[in-house]
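Participant: Given chain A, put chain B in place with the hints provided.
What follows is the residue order along each chain.
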Amino acid sequence: MKMIPPFDIVSFFRAPWTEAWESSLWIVIMGFLVNAACGLVGSFLVLRRMALVGDAISHSVLPGIAVAFLLSTSRSSGLMMVGAVGAGLFAVWLIEFIHRNTRVKPDAALGVTFTTLFSIGVILIALYADQVDLDLECVLYGEIGFVYFAESFALLGMEVPIPVLRMAVTLFGLLVLLLLFYKEAVVTSFDPVLATSLGIPARWVHYGLMLSLSVVIVFSFESVGAILVIAMLILPSVTGSLLSDRLAHILIMSAVFSALYALAGLHLATWLNCSPAGAMVVAGFLLFCLAWILSPRRGLLTQLRKGRRGLRIEHGCTGSTGFE
Amino acid sequence: MSPQTPPPLEIHDLTVAYHKKPVLYGIDLVVPSGRLVGIVGPNGAGKSTLIKAILGLAPPSSGWVKIFGKPYRNNAKRVGYVPQRESVDWDFPVNVRDVVLMGRYGRLGWLKRPGKADREVARACLEKVQMLPYANRQISNLSGGQQQRVFLARALAQESDLYLLDEPFAGVDVATESAIVNILSQLRAQGKTLMVVHHDLTTARKYFDMLLLLNMRMVDYGPTDEVFTYEKLQATYGGRLTILSQVADSLSQEKENLPVGP
Chain A
1332 MKMIPPFDIV
1342 SFFRAPWTEA
1352 WESSLWIVIM
1362 GFLVNAACGL
1372 VGSFLVLRRM
1382 ALVGDAISHS
1392 VLPGIAVAFL
1402 LSTSRSSGLM
1412 MVGAVGAGLF
1422 AVWLIEFIHR
1432 NTRVKPDAAL
1442 GVTFTTLFSI
1452 GVILIALYAD
1462 QVDLDLECVL
1472 YGEIGFVYFA
1482 ESFALLGMEV
1492 PIPVLRMAVT
1502 LFGLLVLLLL
1512 FYKEAVVTSF
1522 DPVLATSLGI
1532 PARWVHYGLM
1542 LSLSVVIVFS
1552 FESVGAILVI
1562 AMLILPSVTG
1572 SLLSDRLAHI
1582 LIMSAVFSAL
1592 YALAGLHLAT
1602 WLNCSPAGAM
1612 VVAGFLLFCL
1622 AWILSPRRGL
1632 LTQLRKGRRG
1642 LRIEHGCTGS
1652 TGFE
Chain B
3 MSPQTPPPLE
13 IHDLTVAYHK
23 KPVLYGIDLV
33 VPSGRLVGIV
43 GPNGAGKSTL
53 IKAILGLAPP
63 SSGWVKIFGK
73 PYRNNAKRVG
83 YVPQRESVDW
93 DFPVNVRDVV
103 LMGRYGRLGW
113 LKRPGKADRE
123 VARACLEKVQ
133 MLPYANRQIS
143 NLSGGQQQRV
153 FLARALAQES
163 DLYLLDEPFA
173 GVDVATESAI
183 VNILSQLRAQ
193 GKTLMVVHHD
203 LTTARKYFDM
213 LLLLNMRMVD
223 YGPTDEVFTY
233 EKLQATYGGR
243 LTILSQVADS
253 LSQEKENLPV
263 GP
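So the protein lines, in turn, are chains A and B. Just so we're aligned, residue 1332 is where the first sequence starts under the working numbering, counting upward by one. Just so we're aligned, residue 3 is where the second sequence starts under the working numbering, counting upward by one.
Isolated chain B, as found in the complex:
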């Protein structure tokens, strides 16, 4: 990467408020290209709000967000988005293919309809998430994991460089979880940048290169090995010990089991 290339995501002093009540304070971070970043924090920490602020959906009260060096509006096509599964009505009268094709709408612009090339992209994306056999199925006849794969396929169809995923692992089956992990690492291998809201601390360390610990403020941000420590997690979760003790156990166990270097 040449020094002039702007980073996929740069956030400076971002504060977001709902009804004059701040939910995010002074976030400052730069995400380098080709990283898989996990956003971790307790409920109400502002994880989804951060994603929405990046997408320009939650207007900041101060600070700014730049996508590849430009405001979101100018680079919207380079961002793919996977919302939380519960955010839509799954009884909506569309089928799986229709939903994936929606990923192409941003590229089409006004007054144009998806053409043959778009259908081909949608087909390939469905194949990647192993949902091609379900292409003609009405979306209410899908399991939670299948719904999540459809959303992922739709984001893939956006053919973006920066992907934002809001809790893609929430309530999915084991097979779907590993399928998603697989796709995320494939995307990273292609040089794409990914930010993933994640709530399961036991897997966070395994899945992500970098972690952003968030609790309204940025508690810490950096390579997973440096950030994923008991003290920092405690600072993030404010001593909610049920989760933390499990993590502490697993951390200490791994330490014991760690092969001693020569």
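Chain A extracted, bound-state conformation:
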């Protein structure tokens, strides 16, 4: 049986860094940038219980790209990005519109919206197959493995692939936004009603977040595809939230995890000869399990060690004060 290639620890760690080391390096860098950008925006989605809005946007981007393609017939144009971001924002608006004007609950409205938009995209691509040169496989899984072969740009004596450069700029922009509007982002996520009463426009912060989310998804799209990007939005921050109670720590941790995902994913992908993006998500899930087991306060191991008695004591001090 030869379904899983034999595991050899030395070659597991060495294989990616032999002849193709340059390609490996760019895969890891790109993987880190995509995961870190997604993780930052995703943390706020998870806090706002909107984790699956990323799902909706990533699927709705498809018709946007297809339409932009039809209008411009060129692949690298800015119009494609604009079309994609526009489609993502349109999806967010449509979900809210359906929810507001019908009795349909938000999660169902989300389900209706993104599947419909994605289908429209699929139909458009089929109808205009001769004009729209889009590979559906790439749409779903991305092609981070080929990032090294993308067009490049000379920067500081290095040939930097353009997708990497674009993602780096996106991540930097995101960091700047977060530093500038951190307190607004936090208070509107925790208590939007209070925020509005304080004069902080929760709606605009929400739209700003949705816009950043759309941009991050669109730029991550060609590397990791419409499906894996969802994992990258959610995994870093939920893993972080198992380990810490402070938002700032969770955000920093999600950046560290992003590097780990990228590196572990690359090694996994080289060993199994599979898509690096998929392997990064699997690595992310393994890390999530590890955090779940080992978390110092709420991990499975801690709970086992404390046993029933410890749990009861903890319950006693977090529960009522005894006066009620």
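Check each hint, because a few of them may be wrong.
Stated by the list, open to error - Restraint-style ranges between C-beta atoms, simulated for each label pair: (1) A:Leu-1632 / B:Glu-88: 43 to 53 Å; (2) B:Ser-89 / A:Arg-1431: 52 to 62 Å; (3) B:Ala-126 / A:Leu-1635: 34 to 44 Å; (4) B:Ala-119 / A:Thr-1447: 50 to 60 Å; (5) B:Arg-109 / A:Thr-1633: 35 to 45 Å; (6) A:Gly-1409 / B:Glu-129: 49 to 59 Å; (7) A:Gly-1539 / B:Pro-73: 24 to 34 Å; (8) B:Ser-89 / A:Leu-1487: 47 to 57 Å; (9) A:Leu-1625 / B:Arg-109: 40 to 50 Å; (10) A:Cys-1605 / B:Arg-109: 46 to 56 Å; (11) B:Asp-15 / A:Asn-1432: 20 to 30 Å.
Rather than coming from a laboratory, the hints here were simulated on the basis of the structure. Heads up, the beta-carbon is just placed ideally off N, CA and C, and yes, glycines get one too.
Facilitator: Chain B alone, transformed into the frame defined by chain A:
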């Protein structure tokens, strides 16, 4: 108070509708400075909606609200708000101090972070509600009463002149309830004005100077002694006798026990 000083809160002919269904009709009232006003009424009477309308969060279909003579937007800094405890996610990854500091955000404006002075205010407010030892605690590790005190501390940190509290006594322990009552009367003594949504008729009379009886319309509004009568409460609650009979009992008992004046 000079006659020119505008009152902390003035509401004129306020009607609020959700999905074209009115939940508040024609509310008209003026709250004078330095009063502790209870808002009392059955479930669905529009008590929380009234608070939200004052804060500009529920747009009126007619009428207006003025805070110290100006629309809410222009005087937002003078209003402190304590939402219902259940309105937020208490697993949110922030600690007690972070939440209290949020009370300062309205004063900070864009692009500024809370500084030393803000931290000092937050510390003092936590001390007032006896929650200073919990400052670094994650908010999910708090009891209901402690959560309510944190919200109160956050409102205190807003350093406002008019406070709106939505059910601050719901589901809190006895110690917290008396701590809150204490703080409310301290604030009133400083000349602040307070409006409190309250659902416990047995304590309403004890806690408040003035009462607003609300059931979609304003049933009555005035000094507690004049408003807290069996007939008016019955008009407010529409004859929901279980609550009312208890109140009637306590009212009549007190009448009997009342010392006869000379």
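Participant: Each hint should be assessed against the structure and marked as holding or not.
Facilitator: Results for each hint:
1. A:Leu-1632 / B:Glu-88: 43 to 53 Å: Given a distance of about 33 Å, which is not inside 43 to 53 Å, the answer is violated.
2. B:Ser-89 / A:Arg-1431: 52 to 62 Å: Violated: the Cβ-Cβ distance is about 20 Å, outside 52 to 62 Å.
3. B:Ala-126 / A:Leu-1635: 34 to 44 Å: 43 Å, holds
4. B:Ala-119 / A:Thr-1447: 50 to 60 Å: Distance hint for Ala-119 of chain B, Thr-1447 of chain A holds at roughly 52 Å.
5. B:Arg-109 / A:Thr-1633: 35 to 45 Å: This hint holds: roughly 41 Å between Cβ atoms.
6. A:Gly-1409 / B:Glu-129: 49 to 59 Å: Since the Cβ atoms of Gly-1409 of chain A and Glu-129 of chain B sit about 56 Å apart, the hinted range of 49 to 59 Å holds.
7. A:Gly-1539 / B:Pro-73: 24 to 34 Å: Holds - the Cβ-Cβ distance for Gly-1539 of chain A and Pro-73 of chain B, about 25 Å, lies within 24 to 34 Å.
8. B:Ser-89 / A:Leu-1487: 47 to 57 Å: Given a distance of about 51 Å, which is inside 47 to 57 Å, the answer is holds.
9. A:Leu-1625 / B:Arg-109: 40 to 50 Å: 42 Å, holds
10. A:Cys-1605 / B:Arg-109: 46 to 56 Å: 54 Å, holds
11. B:Asp-15 / A:Asn-1432: 20 to 30 Å: For Asn-1432 of chain A against Asp-15 of chain B, whose Cβ atoms are near 29 Å apart, the range 20 to 30 Å holds.
Of the numbered hints listed earlier, those contradicted by the structure are 1, 2.
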